[in-house]
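Starting from the given sequences, assemble the full structure and let the hints guide the process.
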Amino acid sequence: MTAILSSTDHKRLGLLTTVTAFCFFLIGGSLALTMRAELQKPGMQFLTEHTYNELFTMHGSTMFYLFAVPVVLGVGLYFVPLQIGAARLLWPRMALLGYWLFAAGGVLMYSGFLTQQGAASFGWTAYFPLSDANATPGVGVDFWVLAVIMATTGGLLQAVSLLGTIVRLRAPGMTMLRMPLFTWSELVTAFMVITGFPVLIVTMALLQMDREGVGIFSASPEGSVTYQHLFWFYGHPVVYVVFFPLVGVVGEIIATFSRRRFFGFRVTVLSLIAFSAISMAVWGHHMFATDQVSNRYFSLTSTILLVPAGIEYFGFLATMAGGRIRFASPMLFAIGFVLLFLIGGLTGIMVASPPLDYHVHDTYFVVAHFHYTLFGGTVFGLFAAIHYWFPKVTGRLLDERLAKATFGLLFVGALATFIPMFILGSEGMTRRVADYLPLHNWTTLNTISTIGAFTIALGVLVFLVNLMRSLRLGERVGPDPWEGQTLEWATTSPPPRHNFAALPPVRSHTPLFDLREEGRDPLRELGLRRFQSFRSSDPQKSGNVGEEVPA
Amino acid sequence: MKPIDTRDQFFDVWNVYWPIALAVFLLVLGAIVFLGLRYRSHSREIPTGRDESTPLEVGYAIGLACIAAFLVFLTFSRMPGSEDANATGKPVEVRVTAARWNWRFEYPALGYVEQGTRQHIPVLRVPVDTEIEFTGSSLDVIHSFFVPEERFKRDVFPGQHTSWEMVFEDPGNHVGGGECAEFCGLEHSNMNFDVLVMSKAEFTRWAQGAS
Numbered sequence: 001m002t003a004i005l006s007s008t009d010h011k012r013l014g015l016l017t018t019v020t021a022f023c024f025f026l027i028g029g030s031l032a033l034t035m036r037a038e039l040q041k042p043g044m045q046f047l048t049e050h051t052y053n054e055l056f057t058m059h060g061s062t063m064f065y066l067f068a069v070p071v072v073l074g075v076g077l078y079f080v081p082l083q084i085g086a087a088r089l090l091w092p093r094m095a096l097l098g099y100w101l102f103a104a105g106g107v108l109m110y111s112g113f114l115t116q117q118g119a120a121s122f123g124w125t126a127y128f129p130l131s132d133a134n135a136t137p138g139v140g141v142d143f144w145v146l147a148v149i150m151a152t153t154g155g156l157l158q159a160v161s162l163l164g165t166i167v168r169l170r171a172p173g174m175t176m177l178r179m180p181l182f183t184w185s186e187l188v189t190a191f192m193v194i195t196g197f198p199v200l201i202v203t204m205a206l207l208q209m210d211r212e213g214v215g216i217f218s219a220s221p222e223g224s225v226t227y228q229h230l231f232w233f234y235g236h237p238v239v240y241v242v243f244f245p246l247v248g249v250v251g252e253i254i255a256t257f258s259r260r261r262f263f264g265f266r267v268t269v270l271s272l273i274a275f276s277a278i279s280m281a282v283w284g285h286h287m288f289a290t291d292q293v294s295n296r297y298f299s300l301t302s303t304i305l306l307v308p309a310g311i312e313y314f315g316f317l318a319t320m321a322g323g324r325i326r327f328a329s330p331m332l333f334a335i336g337f338v339l340l341f342l343i344g345g346l347t348g349i350m351v352a353s354p355p356l357d358y359h360v361h362d363t364y365f366v367v368a369h370f371h372y373t374l375f376g377g378t379v380f381g382l383f384a385a386i387h388y389w390f391p392k393v394t395g396r397l398l399d400e401r402l403a404k405a406t407f408g409l410l411f412v413g414a415l416a417t418f419i420p421m422f423i424l425g426s427e428g429m430t431r432r433v434a435d436y437l438p439l440h441n442w443t444t445l446n447t448i449s450t451i452g453a454f455t456i457a458l459g460v461l462v463f464l465v466n467l468m469r470s471l472r473l474g475e476r477v478g479p480d481p482w483e484g485q486t487l488e489w490a491t492t493s494p495p496p497r498h499n500f501a502a503l504p505p506v507r508s509h510t511p512l513f514d515l516r517e518e519g520r521d522p523l524r525e526l527g528l529r530r531f532q533s534f535r536s537s538d539p540q541k542s543g544n545v546g547e548e549v550p551a
Numbered sequence: 001m002k003p004i005d006t007r008d009q010f011f012d013v014w015n016v017y018w019p020i021a022l023a024v025f026l027l028v029l030g031a032i033v034f035l036g037l038r039y040r041s042h043s044r045e046i047p048t049g050r051d052e053s054t055p056l057e058v059g060y061a062i063g064l065a066c067i068a069a070f071l072v073f074l075t076f077s078r079m080p081g082s083e084d085a086n087a088t089g090k091p092v093e094v095r096v097t098a099a100r101w102n103w104r105f106e107y108p109a110l111g112y113v114e115q116g117t118r119q120h121i122p123v124l125r126v127p128v129d130t131e132i133e134f135t136g137s138s139l140d141v142i143h144s145f146f147v148p149e150e151r152f153k154r155d156v157f158p159g160q161h162t163s164w165e166m167v168f169e170d171p172g173n174h175v176g177g178g179e180c181a182e183f184c185g186l187e188h189s190n191m192n193f194d195v196l197v198m199s200k201a202e203f204t205r206w207a208q209g210a211s
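Here the protein sequences come in this chain order: A and B.
Letter 432 of the first sequence, counting from 1, is numbered 432 in our numbering, and no numbers are missing.
Letter 173 of the second sequence, counting from 1, is numbered 173 in our numbering, and no numbers are missing.
A couple of the hints might just be wrong.
Counterexamples of contact, computed for chain A against chain B with all Cβ distances above 12 Å [as the list claims (entries may be wrong)]: (1) 29; (2) 94; (3) 110; (4) 160; (5) 178; (6) 314; (7) 317; (8) 325; (9) 408; (10) 447; (11) 464; (12) 496; (13) 504.
Distance ranges between label pairs, derived from CB positions [said to hold, decoys possible]: (14) B:16 with A:519: 48 to 58 Å; (15) B:66 with A:194: 46 to 56 Å; (16) B:40 with A:471: 24 to 34 Å.
I should point out that these hints are in silico values taken from the structure, not numbers from a laboratory.
Cβ atoms here follow ideal geometry from the backbone N, Cα and C, with glycine treated the same way.
So this is what it looks like as structure tokens:
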């Protein structure tokens, strides 16, 4: 245990961060289930309003601060060094400290439930002056503020370590434009983290000072708007922080399972950079209804994001066109990501228009919108990544039938849970309400949504069963079960302590694919053929079937 | 100058945005289904074909930029927005004060105050098709004055006064027709009000009795 918690090996650290974040996902998800059960019909059934407010606050806080941000960084810590042919992380102890801060912050945030006045109950955004010591007193709230500072600092340290690794430790021959798409997306993400996260850390420190009686935001009536500016300067880039790395993963999965290079690699890299640059200038679209920001400017910048996002989508589709497509589970989750995130993206363009936002802002329409980006985007992307890289991390395959069942349940669940919310929001159901009036006739839609949420829960349960089963009984595979294109597949599964015995020449962003295209066998050339013990009767499951028997 | 019709403003944009969004979604869905069926293959052969095409990518980016430009143009043209052709008569002034967890509506011209309490859900009385000039403030935290029927909300802040105009077009008593949209603590979900839209004559009669 101590060995795991103190390891500076990027694979252990990355896995530890990812698994811890996934545990927080399970906790945050059960909070959501509790809320959905309460909201199924009007009237307070089994929760008090205070508990409900704690639940949605902790659900949002968990999913952002303790799940989505750490998980995209954790996956990056594991796979970025492998993809760039590095043996280690740069500044690994700093990244490890980042993990401790995040994990301890998570424990601290949840210990708010043990205090007399309970956990934080003002939403994950902690708008001022609702978050001041008068409106929301209690030591549990202080815990929350400190926990956000800790978790966010942790993420910042891990992102700095990733950035340093990418800049300093790339393998010989790996120029910037020869880095795989996932590494590129993590690099761009690291930049957004480094730009946005310090602002939140400082804002939270100022908030805590204000709670202790120092007049910061309370010094003037405009302080409440200032707080929103500072918060969203972090808060909008962060939604792309938890999305970009998954764009990278999904792009690589679609390329691998279409047996071709990602179409328009360079323009996609350019679009990621442009996207992240513009994303630093869109925060005000959260504040249209305040009438205290330049609504036209923020509407313009937010709508323009459809150009780089559209370019990425074009890449997804153009890669499939003319490919040889295999529909293994990672590919299914990748397609689920593309479709569900699209709903979030298209409705995102709507809420970027102030005349529409004046109505749907702070309603369930927005709740539905961002759950399609965060559940459809981040969670589906994460499941794609897990199903894709599980054999690399463990040397075993996940069970394909259970994986497909997981996909089906999550996909149907995502539609059933969140589509009704669009209608509820348009009809005026506001977010963060513990209850609603019976006269609105919202019970049917809310019931569908609640059933959808439990369908998602069932899907996650099937996934956990698959995970437990496959860790012990999963079919053993060798270095490269999917005929991957990037360097993480050029080593054993799981990789040894120093990652690589030998590296192939790096002449593009898909070094293994280059060799295969020339009719060469990357594994044989790297001396890894003897590890490729995986054989299967189903050619769809695996690329390397049949011809080569372990030597 | 005619006052802004918040509902028309919403639907002018909405009626263009949602068909485009639906069309794009169906296009992508159709493309994925088509490509999935067409190119599904068990072959291990590496397909030939280019993996970059600058003219195609540039053309596509320009197409996207045109869509973005069109949407921004449409949005901007509705800000401040479409005007209400039906609105006539002298504007009515209403001061909105929000405090956890209730509303107060003051009519300075009438000297009338509608104060919500735990027992009494406040009623916002307005004449139909008349410009209502709102001034809003809060006594504690941020609240948001939201009338879903009119497709509009505006935040109200402690220590600040914000103002906005609305026109109400549906006569009748809209029970629960107004809500607080900004989370404001314990009883946020109960912070509703009723919207009673009266005919102009009715409103005048009520105003005479009220003042």
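Practice item. Kindly confirm whether 24 to 34 Å is satisfied by the beta carbon distance between residue 40 of chain B and residue 471 of chain A. Key: For residue 40 of chain B and residue 471 of chain A the Cβ distance comes to about 31 Å; the hint holds.
Note to self: Verify this label for me: residue 94 of chain A is non-interface relative to chain B, using a Cβ-Cβ cutoff of 12 Å.
What the structure shows: 37 Å, holds
12 Å cut-off, C-beta based - residue 314 of chain A kept clear of every residue in chain B:
The claim is violated: residue 314 of chain A sits with its nearest Cβ about 5 Å from chain B, within 12 Å.
Point to revise | Interface-negative label, residue 178 of chain A against chain B, beta-carbon threshold 12 Å | key: Holds: least Cβ distance 14 Å, greater than 12 Å.
Note to self: Confirm or reject: residue 110 of chain A is not an interface residue toward chain B, with every Cβ-Cβ distance exceeding 12 Å.
What the structure shows: Answer for residue 110 of chain A: holds, closest chain B Cβ roughly 21 Å.
- request: Against chain B, does residue 496 of chain A hold up as non-interface, every C-beta pair farther apart than 12 Å?
  value: 28 Å, holds
Review point. Holds or violated: is the Cβ of residue 29 of chain A farther than 12 Å from all Cβ atoms of chain B?
Key: 21 Å, holds
- Taking the minimum C-beta separation from residue 447 of chain A to chain B, is that value above 12 Å? For residue 447 of chain A, whose nearest Cβ neighbour in chain B is about 18 Å away, the distance exceeds 12 Å, so it holds.
Quick check for students: does the CB of residue 408 of chain A sit more than 12 Å from each CB in chain B? 16 Å, holds
**Asked** For the pair residue 66 of chain B and residue 194 of chain A, does the Cβ-Cβ distance stay inside 46 to 56 Å?
**Response** 34 Å, violated
Are all beta-carbon distances from residue 317 of chain A to chain B longer than 12 Å? 5 Å, violated
Worksheet entry | Distance rule for residue 325 of chain A, whose beta carbon must clear each one in chain B by more than 12 Å | 5 Å, violated
The earlier numbered hints that this structure contradicts are 6, 7, 8 and 15.
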